[in-house]
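Top to bottom, those sequences are chains A and B. Position 31 (the first sequence) corresponds to 493 in the working numbering; numbering is contiguous. Position 40 (the second sequence) corresponds to 759 in the working numbering; numbering is contiguous.
It is possible that part of the hints are untrue.
[Stated by the list, open to error] Each computed DSS-like pair below joins lysine-lysine, with the alpha-carbon atoms no more than 25 Å apart:
1) A/Lys642 with A/Lys660
2) A/Lys731 with B/Lys793
3) B/Lys761 with A/Lys729
4) B/Lys737 with A/Lys660
5) A/Lys465 with A/Lys566
6) B/Lys790 with A/Lys660
7) A/Lys574 with A/Lys465
Hint data in this document are derived by calculation from the structure and do not stem from the laboratory. On a predicted model such as this, the values are computed, not experimentally measured, just so you know.
The primary structure of each chain is shown beneath.
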Amino acid sequence: MAKLVEIMGITHSPNFPGQIAGPDPEPAIIEAARDYEQMRKRMAGFRPDVLVVIASDHLNQFFMDNMPAFLIGKAPRAEGPFPHELRTFGIAPYRAEVEVDVAKSMLQLGSKMGVDFSFSDEFRIDHAFTVPLNFIRPEMDLPIVPIFTNVMAPPVPPAQRFFEVGKAIRRIIDELPSNKRVGVLSSGHLAIEIGGPKEGRSSSDPDFDRRMMNLVGSGDVETVIEESTWDRMLASGNVTPGFLNFVLLMGLADGKPPSVSGVRFPKSKGSVPYMAWDSEVEVLP
Amino acid sequence: MSKYQVDKVMREVVMDGKVASMYRADTEKFLEDRELTEEERKALIDIDYATLYRLGAHPFLLNGFTRLVWKGDKAALNTEYRKNIAPFGYPDFST
């Protein structure tokens, strides 16, 4: 039986690493960078043997010719991001071994737990994976199991389904035939608009960001699901459904409030959230 | 209306620099065998992003595509883009 040791959710904004590294970062960026350094230490403190990384794909690997809702990657290695993302954002690459045995077991257990995951033996991971991995495990020394979610191509599964899939992944990890310590890292974001009329320098809806982070922080699953409808999220910003990956984490945490959570509001780009659920208090940094 | 075909063209151009060069060099030839409406074809040739937006092109792809193939002043494009698509609100971009 594997042990779920830590659940963590952070942003995958491809702009954030550049904002930190750039000249004269604004106070909210400096604070957010500190938050993320704490998150890195937090995950390391729980000594995971494998990271299950749950993130979306931005129509890079998967497209509407064959769009999976939830997919487990089981190729031997995961590398990213895509060349055009490197050019556009100047972000760092990432390369990790995939824990193929765990990926296969998760696939097999999925159906038993009510989720028929798709799978892939050949894929790249885009910035939704590489950005959070570079923050949380820059050493690139841990194997991962990548799980892709569709938050980009409607119809995307509703929030209730993301929550249920999160609950199922928790039960799957509990039943894995190994003694591995499993950390879960997910990436998403709050309100954001790209290619729409509201696109600007800061969050497209700071009220949505504050409200949702308060609800996540208090473990109010019911209200989060009720308010995370496609239309409501789109009204906050046309790419906001990336928030659904955090709803999935609420399911993984069995509806409990996170041990820590927070959000920074830079003026220069979207809000920078973090949330983590610890399984053990004694190993905290 | 063939939103999927429009999205497919934009994705190919965004993801591969060589494809983007081919697209820029002869857009009409690039689109020759694509199953597009005349309105979509013309909008792609003219880089008429406002029409593509109105027709339900995926905004995430449209954003990257327009910035990549835009022939005019890219700094001015940012402001113009928002202003020119605003009248159309939020068209359904599901395929």
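(request) Return the numbers of the hints above that this structure violates; sort them in rising order. (result) 1, 3 and 4
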